[in-house]
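Undergrad: Sequence:
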Amino acid sequence: MKMKNNILVLLFCLLFLTGCFRGSRFEDPPIHLNPNMDNQQKYRSLEESYFFEDGSTMRKPIEGTVAVGAYNENSSFISGKNKDGSYVANNQIDLTRDVLDRGQDRYNIYCAPCHSQVGDGKGIVTQYDYPVIPGNFHDDRIRNQADGEMFNTITHGLRSMPAYGYQLKTEDVWAVVHYVRVLQRSQNASFDDLPDIEKEKMKKE
827 MKMKNNILVL LFCLLFLTGC FRGSRFEDPP IHLNPNMDNQ QKYRSLEESY
877 FFEDGSTMRK PIEGTVAVGA YNENSSFISG KNKDGSYVAN NQIDLTRDVL
927 DRGQDRYNIY CAPCHSQVGD GKGIVTQYDY PVIPGNFHDD RIRNQADGEM
977 FNTITHGLRS MPAYGYQLKT EDVWAVVHYV RVLQRSQNAS FDDLPDIEKE
1027 KMKKE
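So the mapping is simple: my numbering equals the position in the sequence shown, first residue as 1, plus 826.
Straight-line Cα separation of at most 25 Å, DSS-like style, residue types lysine-lysine; simulated pairs:
(1) 909 / 995
(2) 995 / 907
(3) 868 / 886
Treat the hints as calculated values from the structure; they're not laboratory data.
Quantities reported herein were computed from a predicted structural model and do not represent experimental measurements.
Model the full structure from these sequences, guided by the hints.
TA: The structure is reproduced here in structure tokens:
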């Protein structure tokens, strides 16, 4: 048994050393197992193109193209701030039913686990000895925030809260802000907030 093991080790070493052998040079072309990966149909930089009408291979970016990281940071839509650095007071997209539905969808995915579906900061993660107490959106401190400040917090994070600017598109962040405002209004509404028809119904009751 020991002799058999020694022979196997010897054969392994022999195969290993054989793989290290450089071999001799040859002039034959290499074998291409997948030739379309080695010989691709493509244009090189500044080469004449027979595909485009102007014959140019180097194409200009389409109108409106924005390079990664080259957003206009002074835009209140992108930054949530005015030119003087203060937060914008109002949401930068119009409130529609579709926007609200989108905000609710993104909120339930990214925000509700910590802040709960009603925004009281008692999400499911707090049931498992979560070391940080999530913010309660119904606190006056958050209710009185400018929309731009809430946008900035969602996008860039704050203290223990992570940034969600990578997961959420800018439009979606503003949609979430709209939805949070709806949650806040639902828990802090007054009689005067009701439509006249509803006021009349309540008076009759």
